[in-house]
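End of the sequence shown sits at 107 in numbering that gives the first Met the number 0; the numbers just go up one at a time, nothing left out.
None of these hints come from the bench; they were simulated from the model.
Be a bit skeptical, because a hint or two may be false.
[Said to hold, decoys possible] Label pairs and their computed distance ranges (CB to CB):
{"id": "1", "residue 1": "Arg43", "residue 2": "Arg84", "range": "46 to 54 Å"}
{"id": "2", "residue 1": "Gln90", "residue 2": "Thr46", "range": "47 to 55 Å"}
{"id": "3", "residue 1": "Leu81", "residue 2": "Gln52", "range": "34 to 42 Å"}
{"id": "4", "residue 1": "Asn94", "residue 2": "Thr46", "range": "56 to 64 Å"}
{"id": "5", "residue 1": "Gln52", "residue 2": "Leu100", "range": "56 to 64 Å"}
{"id": "6", "residue 1": "Ser50", "residue 2": "Ile74", "range": "21 to 29 Å"}
{"id": "7", "residue 1": "Gln91", "residue 2": "Thr46", "range": "48 to 56 Å"}
{"id": "8", "residue 1": "Met73", "residue 2": "Gln95", "range": "28 to 36 Å"}
{"id": "9", "residue 1": "Asp67", "residue 2": "Asp99", "range": "45 to 53 Å"}
Every residue gets a Cβ at the ideal spot worked out from N, C-alpha and C, and that includes glycine.
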Amino acid sequence: MQEFWAGSSGMNGKTLGDSTVKSPEDGGRKQKKRKTIGDSFEIRMQTMADSFQVMAGAMAPSTSGSVDASIAMMIDDHFKALMQRQDEQLQQMQNQYLADLIAALQNK
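Working from the sequences, and respecting the hints, build out all of it.
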């Protein structure tokens, strides 16, 4: 793979499809070999498979971590407390608006 990126455009003027490989029948000489569509497809599919495996590994629950679990629980508890506080403030505002409305209607 390193040869592939080293042969990319801008590094030494070749295109991404160009690479130099040593083959035994050449006596070890380097020659230019064009990657086929099949090779490019295989590389793309392997890259996608690798990225899906990384994402799946990141989403899997951590078995190592009572620390991770305790941090997650702490964040959840903090979020619940924050939401409860926000609900209480909203309830107070609604009660105040309702009291103001009742007072305004009684004065008419």
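Comparing the hints with the structure gives:
no., hint, verdict
1, Arg43 <-> Arg84: 46 to 54 Å, "holds, 50 Å"
2, Gln90 <-> Thr46: 47 to 55 Å, "holds, 52 Å"
3, Leu81 <-> Gln52: 34 to 42 Å, "holds, 36 Å"
4, Asn94 <-> Thr46: 56 to 64 Å, "holds, 58 Å"
5, Gln52 <-> Leu100: 56 to 64 Å, "holds, 59 Å"
6, Ser50 <-> Ile74: 21 to 29 Å, "holds, 27 Å"
7, Gln91 <-> Thr46: 48 to 56 Å, "holds, 55 Å"
8, Met73 <-> Gln95: 28 to 36 Å, "holds, 33 Å"
9, Asp67 <-> Asp99: 45 to 53 Å, "holds, 48 Å"
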